[in-house]
Every structure is written in structure tokens, then in C-alpha cells.
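Trainee: Protein chains in written order, with our numbering: chain X, 1 to 387; chain E, 1 to 228.
Keep in mind that the hints were calculated from the coordinates and are not lab data.
Honestly, I wouldn't trust all of these hints.
[Stated by the list, open to error] Ranges between beta-carbon positions, derived for each pair:
#1 X/GLU278 to E/ARG10: 36 to 44 Å
#2 X/ARG14 to E/GLU131: 30 to 38 Å
#3 E/GLU8 to X/SER13: 36 to 44 Å
#4 E/SER115 to X/THR43: 49 to 57 Å
#5 E/GLU87 to X/SER386: 21 to 29 Å
#6 E/GLU225 to X/LEU369: 33 to 41 Å
#7 E/GLU131 to X/ARG294: 29 to 37 Å
#8 X/MET8 to E/ASN196: 34 to 42 Å
#9 E/GLU87 to X/GLU278: 28 to 36 Å
#10 X/THR245 to E/SER77: 55 to 63 Å
#11 E/ARG222 to X/ARG14: 25 to 33 Å
#12 X/MET274 to E/SER44: 30 to 38 Å
#13 E/GLU8 to X/MET8: 36 to 44 Å
[Unchecked claim] Which residues of chain E face chain X? A few of them, derived with a C-beta cut under 8 Å, are:
#14 ARG23
#15 ASP59
#16 LYS75
#17 ASP78
#18 SER82
#19 ARG85
#20 PHE93
#21 ASP101
#22 PHE102
#23 PRO111
#24 LEU113
#25 SER115
#26 LEU187
All values reported here derive from a predicted model rather than from experimental measurement.
Glycine included, every Cβ here is placed at the ideal spot set by N, Cα and C.
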Amino acid sequence: MYELFIAMRHLTSRRRQTIFSVLAIGLAVMILMWSQAMMVGFTEELYAMTVDRMAHVTVEPEEDEDYIHLYRKLTEEIRSIDGVVGVSPVIAGQATFEHKDKNKNVVMQGISVEAHDLVLHITDDIIEGSFRDLDAIPNSVVVGDALAEKLDVEIDDTIDASFPEANPASLKVVGIYDSGTPQDATLAITSMSTAQDFLDVSDVVNSILIRVEDRERAQEVSDRIDALGYPASSWKETNPEIIQTLKLEGTSNNIILGLIILIASFGIVSTLFMVVMEKTREIGMLMAMGVSRRSIMMIFVLQSGILGLLGALLGVTLGAALATYMGSFTYEVGEEAMAGISTIPFVVRLQDAVTIVLFTFLLNLIGGLYPARRASKLDPVEAISSE
Amino acid sequence: MSEEKIIEIRDLTRIYGDGAPIRALDGVNLDIERGEFLAIIGPSGSGKSTLLHQIGILDTPTSGTILLNGVDITKMSDRERSRMRNEELGFIFQYHHLLPDFNALENVMMPLLISGVKPSRARKIAREMLEEVGLADREGHRPNQLSGGQNQRVAIARALANSPDIVIGDEPTGNLDSRASDNIYELLRRLNREHNQTFILVTHDEQMAKKTDRIIRLVDGRVVEDSG
Chain X
1 MYELFIAMRH LTSRRRQTIF SVLAIGLAVM ILMWSQAMMV GFTEELYAMT
51 VDRMAHVTVE PEEDEDYIHL YRKLTEEIRS IDGVVGVSPV IAGQATFEHK
101 DKNKNVVMQG ISVEAHDLVL HITDDIIEGS FRDLDAIPNS VVVGDALAEK
151 LDVEIDDTID ASFPEANPAS LKVVGIYDSG TPQDATLAIT SMSTAQDFLD
201 VSDVVNSILI RVEDRERAQE VSDRIDALGY PASSWKETNP EIIQTLKLEG
251 TSNNIILGLI ILIASFGIVS TLFMVVMEKT REIGMLMAMG VSRRSIMMIF
301 VLQSGILGLL GALLGVTLGA ALATYMGSFT YEVGEEAMAG ISTIPFVVRL
351 QDAVTIVLFT FLLNLIGGLY PARRASKLDP VEAISSE
Chain E
1 MSEEKIIEIR DLTRIYGDGA PIRALDGVNL DIERGEFLAI IGPSGSGKST
51 LLHQIGILDT PTSGTILLNG VDITKMSDRE RSRMRNEELG FIFQYHHLLP
101 DFNALENVMM PLLISGVKPS RARKIAREML EEVGLADREG HRPNQLSGGQ
151 NQRVAIARAL ANSPDIVIGD EPTGNLDSRA SDNIYELLRR LNREHNQTFI
201 LVTHDEQMAK KTDRIIRLVD GRVVEDSG
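Pulled out of the complex, with its shape left as it was, chain X reads as follows (with noise of 0.2 Å):
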């Protein structure tokens, strides 16, 4: 490989051209790693205020039914499909609750406290009392910060619930949740015998949530249980906008800074062709020595990939280095500016850093082609008299 011995003296000779070169594409690659360590954190992020807050699959009752009717053997048959941590039967339906002179329409939720939590993580959210209490004291319900505030109610409070056609109860506050989302004004939750009586139904359940382990898995597990007979579907299905939202930013993101790679690389480029010129003598004398056209052209491509493979190094461990101190402290980026996020966590992946090195050090093998295969082509004989 004198090849590649000719193109590193080339390299070592012209020393400051090539730290500039390599500082250049460093410079690049390390914005393209820092901000990437951004979007996959901001992508994170949004997973866990959405995805992760909510069902990653939901089952309904079979067409033309209202209930499922036998849902804990559907229960136990989901609970052994592979990947799948958590599963909860929810029994819904509307309510008015009144309290003093207020009073509120709300979603009463019947659950299993245990099983919810596998799914939804609702223990997380309680800022007062317990959700372990619906399952002690019959007629007990958990309600959000926001209706707990309309309705005026604190901890041991009764609640009267009605609703047409379903059996008025006396509910007492035994909790009160603040999850972050606008449910916390609408939505109450109690056991599920509590629900089922005041709903005036026997056990049966209108839905059924799902956590699965891995969530770009929930739809492999929706489709399954679509072949169970029950209709089922991923958040994907019903929240497509998510999806849609990381992808668009990610494209557009992804497209802004190849272009500054690119443009890094056209600088080595332009340098690559300067050497050329400057070089055209020894390039011929080369040529007079047995250096096939060829092998001329390995040794500036490989000039212009190792540039870029040295500069993608650089770039990619300062953009994980500035990204992991940046990660380090939280910025306040305002509440409402990205989606509820508050905060941005970097994350540095070895994925993305490998993707980084060898698509810079690609573009990098292609950029020099061009000037590479401008030297191959000289005459030799032009070459070597050429001052």
C-alpha cells in the first residue's frame, strides 16, 4: 500500500492545511453530533410526556357490543403474549359530581389499582392520599388536582355522583392526582366494583389498556390481539400526529446539517484540487516511476477520505463531549415552547456517532473523486516539465 504511505506524507508535509481541513469538517461533524444528541433526547422527551403516559394498546369490545363480557380470560391471554408488562380492564362511563353547590360532569373510571399501575404508572402522579385506599373503602374515589379545585373537595370529602339510568352514589375522596394533562379536570377513578354498581352493570369491562415493554413493538401485540377477535389498536393508530411531529422535525433537521457536512467537504475538496495543481510535477514523476493512473487516483482519494475520517473523529467526540456537559444541567426552554417540555436531555448514542463517522467519511471518499481523478488524468509528459 505505498498508496496510502504516498497519501499520508502528502498530509504530514502540508501540516497546517490539513489541521485546518480536519478542523473544518470537526467543526461540522460536531454540530451534526451535538444537536443530534439533542433531537434523540427531544425525542425522548416526548415519548415520556406522551407515549409513555398513555395506553400503548387499547382494546374495545367486538363489533356491536358495548362491553367486553369475558374480559378476564381475554386479560390472561394478553398477559402472556411476549413483551407485553402491563395489562388493565377499565370500566368508563359519564357521571355528574356535585359537591356544596358545584357541581361537575366528569369520565368515572373503574380500575384495579395493581393492574393500572403496571400500565399508566398512576401512583406516580398522587400528591395526596393514596390510590391504595379504592381498593380498601367501597365507594371511594381518587379525582384530579383540577376537579378537586372546581369541585371544592379535600382529602375525606363525599362526592354525590348521579347520571341517567345509573345508580347515585356517595363517593368519599380518599386521593387526589396531578398528572400534567387536561384529564386532571375531567377525570375520576375508583375501583372497579364501584364503577360497575354505579354504572348499574355486572363485571364486565369497555376496554382494556396495554404496556408493552418496547413501544415500536405495540403494534406487533395490536395485531395480535386483532387475531383474537377483539378489535385492538397501537398508539400509532390513534396518535399518528406523534409520529408525524418527530418525523418532520427529524428530516428537516437531518437535511440542514448534512448541507453543513457538504459544504465542510467542498472546502477539502477545493484544497484537494490546490494540491493537485501544486503537485501536477511529482504527479508526473510518479507516472515515469510505474504509479498506475489508478493508483494516482487512490492517493488523493484516499487524502480526501482520511481527512474526513479524521474530522469526523474530532467532530464526533467534541459534539458528544459538548452534549454530554450540556446534559448535565437542564434549561428552562419555556412551557409551552415544545410540546409541555420544560427541559432538554441530550443523549449520545454509538449509533449515531458510527452513522455520523461513515457518512462523513463517504461523502468525504466521493468529494475527492473528482479532483483525485483530475490528477489521473495529466499527461505525464506535460506533467513532469511543468513548472
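Given chain X's structure and the hints, the job is docking chain E onto it.
Mentor: Frame of chain X, contents of chain E only:
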């Protein structure tokens, strides 16, 4: 040995340009035998460098053939021509034709590396060559740290590194004073005797030409004198 033809040139013509064509070589016929030490002379523009470039496979003729060791080099691919230049030919050009980024030893190693010789072996051969031209103590110097005569000695060592059959020199003493010039001539002559390689030198220098075994004189792209 001296009966063996190493170069056979037949009706070699090289025309430059399209509009007002220049016949740089005009039907040259020439046979050169192994081990010959000859000079090509002539006024500038006579075609002597063009002829040398043809023999060196750096250029292709407009018409005619060149057989090198019996092989027609005018019909070869770039890869074959490159290999031939590397293995069969050694070039000595004027001053300033070493690779400036490489030291003397590396310059001499280069043709060996190009032909695929292992670096350790290439280094050994290159050291021997540098010793032979009297520059063993200058191997780490770059061309700009050496005098004109020393540069030319390195160039000679490099031309001979791959033990080529034919060594061609384009004004090998062109930029040197007469003493350095004599030294280079003596060196070439000695190498010619010791290795029985064919030396073809293009020169302006009549004094030097007279010391060779054979003089080819070109005028207007034709051989007008062939004495030896």
C-alpha cells in the same frame, strides 16, 4: 550479449496539434542493443525529448511501433505501461525531479515500493544504491537539503533501484557545473559497465556526448547522424 536488440523503433511519427500540426518525430527508425551507452543530441525542437518520452512509454506515437524487449508498447493498457515503466525503465530527469516530501532513502525506495517489494527489503536495496552513488550518509536528507549534484545522484540511485533494463536520462547534467557534471558522467559510465544496463541520454552537452559509445543526431524529427 551486445548482439541482443533491446529496442526496435520502426517508422515512429509523432504529430502535435490539430490546426497547424508539428511533426516532432518524422519516421524514425532505430535499433538499440543491450548494454549500449548512447547519446541523443540535436538542436532544441529537433524531437530528441519527444523520442525519449516515446521510449520511456510516457507518450504514445501518432504512428509507428516501438518494441521493448520484443514487446510492442504502443498497444498496451495503462496498467501494463505503468508496470513496464516501473520494472523495465529507469528515468533520470533534470534537477528538481525528486519527490520533495520524501527523504533521499524514501525517494530511492519508491520504485521498489510501487512494484510491491516489502518496505524492509526496499529499504535495504535503497541503502545499497545510495552507497553505490556515494550518498550513504545523506539518506535522511530531503531534496531541498541536498546540493544539485547530490540530488542528481539520488535520482540516479532511484532510476537504478528496480534494476531496469533501460535507463533514460533527459539532460541529466543540465543544471550542474562542469565538475559535478563529469562526476555524474563517470558514475553513469561505471554503472553501465557494472550492470550491463542500456543507457540512453538526451543532452545538449557535446563534450559529454563525445564520451558515449554512440551518438544519434536528430534534426526536425529525423535521424540525420548515427555514429558509434
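Trainee: Return holds or violated for the Cβ distance of E/GLU225 and X/LEU369 against the range 33 to 41 Å.
Mentor: 50 Å, violated
Trainee: Hey, does the E/PRO111 contact hint survive, CB to chain X under 8 Å?
Mentor: 5 Å, holds
Trainee: Can you verify the interface hint for E/ARG23: is its Cβ closer than 8 Å to any Cβ in chain X?
Mentor: With a minimum Cβ separation of about 17 Å from chain X (threshold 8 Å), the hint on E/ARG23 is violated.
Trainee: Measuring from the C-beta of E/LYS75 to each C-beta in chain X, is the shortest one below 8 Å?
Mentor: 17 Å, violated
Trainee: Is 28 to 36 Å right for how far apart the beta carbons of E/GLU87 and X/GLU278 are?
Mentor: 29 Å, holds
Trainee: Is the interface hint satisfied for E/ASP78? The criterion is a beta-carbon contact with chain X at less than 8 Å.
Mentor: 5 Å, holds
Trainee: For the pair E/GLU8 and X/MET8, does the Cβ-Cβ distance stay inside 36 to 44 Å?
Mentor: For E/GLU8 and X/MET8 the Cβ distance comes to about 42 Å; the hint holds.
Trainee: Please verify that hint: E/ASP101, Cβ, nearest Cβ of chain X, below 8 Å or not.
Mentor: 4 Å, holds
Trainee: Honestly, do E/GLU131 and X/ARG294 meet the 29 to 37 Å range at C-beta?
Mentor: 34 Å, holds
Trainee: Was the hint right that E/PHE102 lines chain X, CB cutoff 8 Å?
Mentor: For E/PHE102, the interface hint holds, since the closest Cβ of chain X sits about 6 Å away, which is under 8 Å.
Trainee: Once the shortest beta carbon distance from E/SER82 to chain X is found, is it less than 8 Å?
Mentor: 4 Å, holds
Trainee: If you take the shortest Cβ to Cβ gap from E/ARG85 to chain X, is it below 8 Å?
Mentor: 4 Å, holds
In the structure shown, a violation is registered for the earlier hints numbered 6, 11, 14, 16, 26, in ascending order.
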